[in-house]
Amino acid sequence: MFPAPYTVQTEEHYLTEPNRIGERESAWRPPVDQKVYGWDPPGPEEEIFSASRDAVIHDLNVYVPPGFVFGDQDYMTIQGERFRAVGGLRDYNHGPFGFTPGLVARVKRVKENG
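The working numbering puts the first residue of the sequence shown at 1, with every later residue one more than the last.
A hint or two may mislead.
[Claimed, not checked] Per label pair, the in silico range of CB-to-CB distance:
1) 66 / 87: 11 to 21 Å
2) 99 / 25: 39 to 49 Å
3) 18 / 69: 22 to 32 Å
4) 22 / 95: 16 to 26 Å
5) 22 / 96: 45 to 55 Å
6) 93 / 40: 30 to 40 Å
7) 22 / 91: 33 to 43 Å
8) 59 / 12: 49 to 59 Å
No lab work stands behind these hints, which were simulated from the structure alone.
Since this is a predicted model, take the numbers as computed values, not measurements.
Glycine is no exception: its CB is placed at the ideal position from the N, C-alpha and C atoms.
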């Protein structure tokens, strides 16, 4: 319905096969290109300062077409910057009149400053 002119890379989270004591570890599949409508500019950066940590948090909303595959704990790379999913996709396809504009993926990146 709308053009999706931008390409991002997504890495799907999965759990490995159980090891000899039954524990499973987190892993991510190789990056896959997916088309998106775009993303909003980062909001005011939240800075974290403490005796042991100096970091900046970046949050983005990424506007994606129906059928976009992305879930909690997945990663998304946007213009060379790697972000982590914040929850699942927000689905805006159930409004009136059959309008299906797409979904919103919320992502976050924490950049350590030192």
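To see whether the hints hold, each was checked on the structure:
{"no.": "1", "hint": "66 / 87: 11 to 21 Å", "in the structure": "18 Å, holds"}
{"no.": "2", "hint": "99 / 25: 39 to 49 Å", "in the structure": "42 Å, holds"}
{"no.": "3", "hint": "18 / 69: 22 to 32 Å", "in the structure": "25 Å, holds"}
{"no.": "4", "hint": "22 / 95: 16 to 26 Å", "in the structure": "45 Å, violated"}
{"no.": "5", "hint": "22 / 96: 45 to 55 Å", "in the structure": "49 Å, holds"}
{"no.": "6", "hint": "93 / 40: 30 to 40 Å", "in the structure": "19 Å, violated"}
{"no.": "7", "hint": "22 / 91: 33 to 43 Å", "in the structure": "35 Å, holds"}
{"no.": "8", "hint": "59 / 12: 49 to 59 Å", "in the structure": "21 Å, violated"}
Hint compliance for this structure: hints 4, 6, 8 are not met, and every other hint is.
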